[in-house]
Every structure is written in structure tokens, then in C-alpha cells.
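Asker: Sequence:
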Amino acid sequence: MAMFAAARRFSGVLRSFCSLVPSVYSGSFTVTPIYRLSSFHISQRQISIGYIQKPFQFLGSTSSGLCFSITNRVAPLLQNILQQQVRTAITYSLRKGKRKTVKPVIKRFLRLHCGLWLRRRAGYKKKVWKKSAKRMKRLREHVFCNKTQSKMLDKMTTSFWKRRTWYANDPYQKYHDRTNFHL
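Under the numbering used here, residues 22 to 204 are what the sequence shown spells out, in order.
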């Protein structure tokens, strides 16, 4: 889905390449810059014929062939660019091969003893000046991570961070145990 959206965005660039194909077969072509202040005329004698024909052998004489070939070449690259970044780094120690704690997890999340993880809403510190008071209130609240996120965060931390903690005046003390949860 993201690949097709990216292909749609680059359709203007691809159309500019399609206009060059028929003129390559006619013997010479003109490259016109965007501002049309000047144009270059390159004759076929300056460019070797084998160099031109090898990339275009499978295309035929239609201009749509070049568009499809460029799309097919660019699509795998765009797939990597358009993916959303994910921090799933599970690090291991070099000496014993044990898992190490990922420090940003400890800074950004809070683990309750029942296994749930708490986090702030995304974007609560970004562009605060243009957000309304209601939206800022929504962003300030803490929410639970889902099951897959909790599993991943458990893998990214060691048993030291999973043990029960007793803090003085802990606002989350009543939430550490699930009273309505029966196995």
C-alpha cells in the first residue's frame, strides 16, 4: 500500500523520463531543463550505441515500458525508506551473552508489577504552542501499552527492572496488582 502511494508521488518524475525513450531510438535526443533557458543536443555519435540499447532492449518502442522498469527498480528501495522507525533493539553482553537493558525503555516507560507498561502519549512535548488546552490535557495522560508492545519491552529489560518496587508516596501503588484479574 505504501509502495503504491510512493509511486503515485513520483509519477511526475517518471513521466519526465518517459518522454526521452522514443527520441533515443530516432538517433538523437534533446534534454530540456526545467527552466527551459537552454537545451543540450547530443548526437548518437557521442554516445555509443551499445550503451544506449542495452538498458532499453527489454522495453520495446513504447514509452510506458521505461516507466514500469523505473518503478520496478525504485519500488524495493522506497519500501525501506517509507517504513516507520521501530526501536526493537535487544542487546546482549559480549562476555556472557546475557541480555542487556535498553536505557531509553527505562526512561520512557513505567512497568507495573502485574506486567503492564505505562507510557505518555506521543507528541506531548512537540509543538506545544499550537495545541489547544484540551488536546494538551489528552496528551498529558498516561496510557497502557498493548500486549505486543509489553512483550517487546519485557525483552528489552532485565529481571532487575521487573522486580517489585516500593517507593514512598508512589502514585501508582494501587495499580501494581490487578485485583479484578483471576487466572
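Quick caveat, the hints were computed from the structure, so don't treat them as lab data.
None of these values were measured; they are calculated from a predicted model.
Keep in mind that a hint or two might mislead.
Said to hold, decoys possible - Here are the simulated PhoX-like pairs of lysine-lysine, each with C-alpha atoms no more than 25 Å apart in a straight line:
#1 K151 - K168
#2 K158 - K121
#3 K119 - K158
#4 K176 - K119
#5 K146 - K128
#6 K148 - K128
#7 K195 - K172
#8 K128 - K183
#9 K183 - K195
#10 K155 - K168
#11 K124 - K183
#12 K168 - K121
#13 K195 - K119
#14 K119 - K183
#15 K172 - K117
#16 K168 - K128
#17 K117 - K176
#18 K158 - K172
#19 K128 - K147
#20 K195 - K168
Asker: Against the structure shown, which of the earlier numbered hints fail to hold, in ascending order?
Answerer: Hint check: 1, 2, 3, 10, 13 and 18 fail, others pass.
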